Every structure is written in structure tokens, then in C-alpha cells.
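Participant: Sequence:
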Amino acid sequence: MEKINSKLLNLNNNREKEKLFEIYFSYLDETQKIFDTLYILGMPEENRSITNIFSAIESCHLNILSKKRRLIFLDKDNSNDDFFQYIEEKTNEILKIVMVNEDQKQDAVSLLFMFWKKHVKEYNIKALVFITEIHKSIFQK
Numbered sequence: 209m210e211k212i213n214s215k216l217l218n219l220n221n222n223r224e225k226e227k228l229f230e231i232y233f234s235y236l237d238e239t240q241k242i243f244d245t246l247y248i249l250g251m252p253e254e255n256r257s258i259t260n261i262f263s264a265i266e267s268c269h270l271n272i273l274s275k276k277r278r279l280i281f282l283d284k285d286n287s288n289d290d291f292f293q294y295i296e297e298k299t300n301e302i303l304k305i306v307m308v309n310e311d312q313k314q315d316a317v318s319l320l321f322m323f324w325k326k327h328v329k330e331y332n333i334k335a336l337v338f339i340t341e342i343h344k345s346i347f348q349k
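The sequence shown begins at 209 in the working numbering and counts up by one.
Please keep in mind that the hints were generated in silico from the structure rather than gathered at the bench. Treat the hints loosely; a few may be bogus.
To be verified - With a straight-line cut-off of 20 Å between C-alpha atoms, the simulated DMTMM-like cross-links for lysine to aspartate or glutamate are:
#1 325 - 315
#2 298 - 315
#3 326 - 297
#4 276 - 224
#5 334 - 244
#6 329 - 238
#7 275 - 253
#8 326 - 301
#9 225 - 244
#10 313 - 244
#11 344 - 290
#12 326 - 315
#13 241 - 226
#14 344 - 230
#15 284 - 330
#16 241 - 301
#17 227 - 237
#18 329 - 341
#19 334 - 224
#20 276 - 315
#21 326 - 296
#22 325 - 311
#23 304 - 341
#24 313 - 266
#25 241 - 254
#26 284 - 341
#27 325 - 296
#28 276 - 297
#29 241 - 266
#30 325 - 244
#31 304 - 244
#32 304 - 289
#33 225 - 315
#34 326 - 244
#35 227 - 301
#36 276 - 301
#37 275 - 226
#38 325 - 238
#39 227 - 238
#40 334 - 230
Bear in mind the structure is a predicted one, so any value in this text is a computation, not a measurement.
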């Protein structure tokens with residue numbers, strides 16, 4: 209009976225770890241949207257206004273913060289990570305680009321593409337390192 213209880217406890221513990229890891233993946237999915245031209249600008253025929261572009265970024269930012277709060281609450285061991293700070297900095301940077309008047313939209317879009325060109329590779333590397341370290345931390349406890 210004790211072996212069965214121990215196995216059930218381990219099974220529940222593994223499920224909790226898997227759920228936590230899924231939240232981290234969900235967080236990464238949200239952060240990736242900041243670097244997704246289609247998500248931010250929409251299809252070319254949509255011709256989003258600068259307000260709609262800003263709203264897409266801000267909505268993504270709010271989702272990122274929501275997931276970050278959950279992660280900080282659920283996983284105190286990994287809540288003080290540099291990746292969280294990096295994402296916050298890049299989100300603020302991209303928001304500043306689109307805080308312009310509608311008549312400056314073309315300039316803002318050009319700056320967005322320059323931002324993505326400059327930071328997307330760095331983001332991908334940091335995201336991979338982050339999720340690898342999180343995996344090690346969660347599943348090797």
C-alpha cells in the first residue's frame with residue numbers, strides 16, 4: 209500500500225511539473241508574438257492603423273505580464289530570471305516605436321522592421337536557453 213501511495217504521489221508531482229512547464233511554454237508563445245510581423249502588423253491588405261498596431265502589442269504585453277505573474281507565484285525558484293527582464297525591455301522598446309501619430313505610420317513600420325531584424329535572432333537564442341534551463345530546473349528537482 210505504501211508503494212502505491214508513493215507512486216501516486218510521484219505521478220501527481222510529475223503532473224504538476226508538466227503543468228508548470230506548459231505555462232512556461234505558453235509564456236514563450238506570448239513573448240514570440242512581439243517578434244511576429246504578421247501578428248503585429250496583420251496582413252498587408254488589412255492596412256492596420258498605428259492605433260491597432262499599438263493595441264496588438266499592448267494586448268500581447270498584458271498577456272505576457274499575466275503569465276509572468278502566474279509563473280512568479282507558482283515557481284519562486286525560477287522567477288528571478290534575466291529572460292523576464294529582457295522581454296520587458298524589448299516590449300517597452302517596441303511600444304515606444306509605435307507611440308507616434310498616424311501620419312508617422314510609415315516611419316514607425318520601418319523602425320519596427322529594423323527592430324525585428326536586429327533582435328529576432330537574439331530573442332530566439334535567449335528563448336531557447338531560457339526554456340532549456342527551466343526544463344532542467346523543473347524536471348531535475
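Participant: Please go over all the hints and tell whether each is borne out by the structure.
Facilitator: Here is what the structure says about each hint:
no. : hint      : in the structure
1   : 325 - 315 : holds, 15 Å
2   : 298 - 315 : holds, 19 Å
3   : 326 - 297 : holds, 14 Å
4   : 276 - 224 : holds, 17 Å
5   : 334 - 244 : holds, 16 Å
6   : 329 - 238 : holds, 17 Å
7   : 275 - 253 : violated, 32 Å
8   : 326 - 301 : holds, 12 Å
9   : 225 - 244 : violated, 29 Å
10  : 313 - 244 : holds, 18 Å
11  : 344 - 290 : holds, 16 Å
12  : 326 - 315 : holds, 16 Å
13  : 241 - 226 : violated, 23 Å
14  : 344 - 230 : holds, 14 Å
15  : 284 - 330 : violated, 26 Å
16  : 241 - 301 : holds, 14 Å
17  : 227 - 237 : holds, 15 Å
18  : 329 - 341 : holds, 19 Å
19  : 334 - 224 : violated, 25 Å
20  : 276 - 315 : violated, 32 Å
21  : 326 - 296 : holds, 17 Å
22  : 325 - 311 : violated, 23 Å
23  : 304 - 341 : violated, 30 Å
24  : 313 - 266 : holds, 17 Å
25  : 241 - 254 : holds, 18 Å
26  : 284 - 341 : holds, 15 Å
27  : 325 - 296 : holds, 18 Å
28  : 276 - 297 : holds, 14 Å
29  : 241 - 266 : holds, 11 Å
30  : 325 - 244 : holds, 11 Å
31  : 304 - 244 : holds, 17 Å
32  : 304 - 289 : violated, 24 Å
33  : 225 - 315 : violated, 45 Å
34  : 326 - 244 : holds, 13 Å
35  : 227 - 301 : violated, 31 Å
36  : 276 - 301 : holds, 18 Å
37  : 275 - 226 : holds, 16 Å
38  : 325 - 238 : holds, 19 Å
39  : 227 - 238 : holds, 17 Å
40  : 334 - 230 : holds, 18 Å
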